[in-house]
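Visitor: Next come the chains, spelled out residue by residue.
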Amino acid sequence: MITLGIESSCDDTAAAVLDDDDTIRANVVSGQDTIHARFGGVVPELASRRHMEAITVVVDEALRRAALDLRDIDLIAATQGPGLIGSLLVGFSYAKALAFTTGRPFVGVDHMAGHLLSAFLEPVKPCFPYLALIVSGGTTALFRVDDFFTFTLLGRTRDDAAGEAFDKVARLLGIGYPGGPAISRYARQGDAERFVLPRAWLEEGSLDFSFSGLKTAVLNQYRQIGDHRDDRLLADLCASFEQAVVDVLVSKSLLAAKQLAVSSLVLGGGVSANTALRTILTDRCRAAGLQLYLPAVQHCTDNAAMIAFAGRKWLQQKGPGSWSDDVFSRSQLGQVSQTFR
Amino acid sequence: MSNSGKIILTSPVQTGRFGRLLGALCEPGDVIGLGGDLGAGKTALTQAIAAGAGVDPAEYVNSPSFALLHEYHGRIPFYHMDFYRLHGADDVVALGLDEYLYRSGIAVVEWYERAESVFPDSTLFVDLDIVDAGRRFARLRSGALSWKQRIEQLTDRLAGTPDKP
Chain D
1 MITLGIESSC DDTAAAVLDD DDTIRANVVS GQDTIHARFG GVVPELASRR HMEAITVVVD
61 EALRRAALDL RDIDLIAATQ GPGLIGSLLV GFSYAKALAF TTGRPFVGVD HMAGHLLSAF
121 LEPVKPCFPY LALIVSGGTT ALFRVDDFFT FTLLGRTRDD AAGEAFDKVA RLLGIGYPGG
181 PAISRYARQG DAERFVLPRA WLEEGSLDFS FSGLKTAVLN QYRQIGDHRD DRLLADLCAS
241 FEQAVVDVLV SKSLLAAKQL AVSSLVLGGG VSANTALRTI LTDRCRAAGL QLYLPAVQHC
301 TDNAAMIAFA GRKWLQQKGP GSWSDDVFSR SQLGQVSQTF R
Chain A
1 MSNSGKIILT SPVQTGRFGR LLGALCEPGD VIGLGGDLGA GKTALTQAIA AGAGVDPAEY
61 VNSPSFALLH EYHGRIPFYH MDFYRLHGAD DVVALGLDEY LYRSGIAVVE WYERAESVFP
121 DSTLFVDLDI VDAGRRFARL RSGALSWKQR IEQLTDRLAG TPDKP
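Those protein sequences? They're chains D and A, same order as listed.
Residue numbering for the first sequence follows UniProt numbering, beginning at 1 and increasing consecutively.
Residue numbering for the second sequence follows UniProt numbering, beginning at 1 and increasing consecutively.
Hints are computed from structural coordinates only; laboratory data are not their basis.
Quick reminder that beta carbons are idealized off the backbone N, C-alpha and C, glycines included.
Each hint should be verified, as a subset may be incorrect.
To be verified - Partner residues are not named here, just some residues of chain D that face chain A (Cβ under 8 Å, in silico):
| id | residue |
| --- | --- |
| 1 | Gly137 |
| 2 | Gly138 |
| 3 | Asp159 |
| 4 | Lys215 |
Take the sequences, apply the hints, and build the full model.
Guide: What follows is the structure, encoded as structure tokens:
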């Protein structure tokens with residue numbers, strides 16, 4: 001079975017073609033950072049229009065790279081939520097229309113399920129059960145994954161997501177966009193011990209996260225420094241900040257593994273591109289005897305290959321979607337039924 | 001006092017009290033715009049407003065900067081938006097976010113300054129100024145008389161005995 005995946009829940013439009021043996025034949029994402037950098041942040045107005053402008057181009061490009069025709073596709077999977085209704089509708093309606101014209105089945109996929117299963121796009125597959133740490137601009141959460149359909153939310157951010165903290169601290173310090181790479185660039189030259197910044201551990205044993213206080217602490221330090229700002233200080237502040245974020249992400253993941261007696265950890269989301277996070281997580285998982293799965297960056301960030309994979313599993317388990325299926329803005333995944341959708 | 005006011009918030013705890021009192025005074029259809037720099041406490045204030053408005057504490061009211069909109073179901077529907085990433089009224093309308101300002105729920109919008117023209121006259125604007133590490137100045141204003149009495153009530157209650165956290 002060959003699956004076409006479509007994703008339009010966030011800022012990028014994406015399409016991918018996945019073979020039955022999980023070989024990715026094409027994985028196309030409309031990269032937008034070059035446009036957005038000019039505005040100092042991601043610009044949804046552009047993104048929203050771009051979904052409509054990009055969807056046909058991106059899907060056609062995925063088929064071209066896979067050297068396939070639309071008639072060769074056996075299943076169409078599209079992100080159904082969560083996200084902004086307008087953005088989701090572009091991809092989901094397009095998928096329905098393709099399914100209608102080709103007579104093939106389609107399925108709606110929860111975006112987060114895609115992230116939680118993205119490690120299966122790699123040659124070495126994780127074994128159930130495993131923990132998944134998903135870290136992006138909009139999400140910071142820990143899940144337990146028992147099979148392809150059973151997800152349990154263990155902890156999530158109570159205020160800012162980690163990626164958002166990177167973006168906003170970069171903005172505070174005036175060092176550019178996107179915030180993650182900008183902070184890391186400075187942090188590499190800096191001394192992480194220079195500034196004492198808070199780690200929000202929250203209540204004893206809590207697997208929740210909080211990064212808002214850290215952001216404000218950086219702001220207060222920066223204001224105190226005042227006129228004595230120079231590149232050295234900026235580098236030290238970035239290093240201290242990055243260290244504080246990574247420390248909490250890694251420690252909470254290891255705590256979860258201990259609490260649940262689970263021995264595998266999977267990383268997902270855009271912040272997983274962060275080198276400090278990858279390095280420290282690798283070291284500490286090795287020390288704790290945990291098996292760590294670090295998918296390639298293009299499988300961690302928003303993409304349609306993970307949607308195609310999750311969609312195919314969904315079809316096998318629950319059957320195809322119906323024409324009356326609609327997009328949803330809020331995900332209940334892992335919170336109510338603990339199962340897919 | 002007219003339908004505007006200035007309140008000094010001496011600590012994050014008092015900002016929480018202020019938000020809960022404000023949330024408790026909210027009615028269906030109310031729109032609140034929150035302004036102020038990064039780190040001023042807009043999301044923290046929104047969390048307190050949501051708690052006062054009856055949003056279940058089990059639902060974390062976290063930052064919608066990236067998602068742009070988070071919906072919650074409390075005593076009345078609660079729409080938490082963030083215009084941080086937007087660049088004017090065109091963006092708001094293109095994304096359909098303006099519709100949430102005219103629904104029978106409570107809409108709280110961070111970074112209203114990005115697109116002030118989309119807000120109805122009845123909006124309550126709250127600007128948070130950073131005084132120092134713990135203290136904030138809250139400047140309240142609204143074009144609607146419906147907020148006049150409520151701002152007075154709020155000021156009185158905040159000056160009175162502390163409520164339970």
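Visitor: All hints, please: hold or fail.
Guide: Hints, one by one, checked against the model:
Below 8 Å, beta-carbon pairs count as interface contacts, and Gly137 of chain D has one with chain A at about 4 Å; its hint therefore holds. Below 8 Å, beta-carbon pairs count as interface contacts, and Gly138 of chain D has one with chain A at about 3 Å; its hint therefore holds. Taking 8 Å as the C-beta contact cut-off toward chain A, the hint placing Asp159 of chain D at the interface holds, the least distance being around 5 Å. Checking Lys215 of chain D against chain A: minimum C-beta separation of about 6 Å stays under 8 Å; hint holds.
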